[in-house]
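Peer 1: Sequence:
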Amino acid sequence: MTQTKNLEVWLRGPVAGVPALLQPVAHALLQARDEVENYMHEFPEDLMWERPAGVASVGYHLQHLTGILQRLLTYARGEALSEEQLAYLYAEGKPTEATAQDLVQAFHEQVDKALEQIRQTDENTMTDVRRVGRAQVESTVIGLLFHAAEHSMRHVGQLLVTARVLRGQANGA
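Going by our numbering, the letters in the sequence shown line up with residues 1 to 173, in that order.
Be aware that one or more of the hints could be misleading.
Straight-line C-alpha distance at most 25 Å; calculated SDA-like pairs for lysine to any residue [said to hold, decoys possible]: (1) Lys113 with Gln85; (2) Lys94 with His108; (3) Lys113 with Asn171; (4) Lys113 with Ala98.
Source of the hints: derived by calculation from the structure; they are not laboratory data.
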């Protein structure tokens with residue numbers, strides 16, 4: 001018998017309280033959180049802001065995962081970004097005093113907030129129009145929530161590759 005904990009999130013069954021149409025979003029966000037937490041365990045702090053071959057740093061990806069998830073959920077609620085959110089956006093990629101685990105914890109907490117919002121999302125609003133950014137580009141509630149999940153997974157993949165390259169270089173590989 002396979003333990004569900006060892007399965008990818010989408011194989012563990014429905015996420016409690018999440019509308020059926022948004023289960024894939026919840027699964028992807030939980031998978032992203034699991035992978036970030038597992039892969040960043042004991043990540044060397046001195047490598048956080050390194051940019052091998054000019055790619056984005058591990059620190060940037062950790063900051064961006066939290067920031068983009070928060071911003072996309074704000075748009076999905078039909079709200080404009082706050083000054084604080086804009087300041088966070090402009091600071092992404094700039095080294096801070098935060099440790100890798102601080103940034104992982106911030107992402108973990110943002111996923112929790114996302115899941116709560118997803119649980120509260122009325123399925124009848126999925127196709128409601130939402131405006132994005134200064135240009136007020138048109139999207140929908142489901143479009144923004146889906147993009148939050150897929151964009152998060154894209155950056156998790158980039159983070160994992162960058163972290164692996166950095167660890168390999170540090171170990172002389």
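Peer 1: Does each hint fit the structure? Answer for all of them.
Peer 2: Structure-based check of each hint:
Only pairs whose Cα atoms come within 25 Å are accepted, and Lys113 paired with Gln85 is accepted, the gap being roughly 15 Å. Proximity of Lys94 to His108 is assessed by CA-CA distance (about 20 Å); at most 25 Å being required, the pair is judged to hold. Between Lys113 and Asn171 the alpha-carbon distance is near 37 Å, which puts this suggested pair outside the 25 Å criterion. The suggested pairing of Lys113 with Ala98 holds, with an alpha-carbon distance near 21 Å, which does not exceed 25 Å.
Violated hint for the displayed structure: number 3, the only one.
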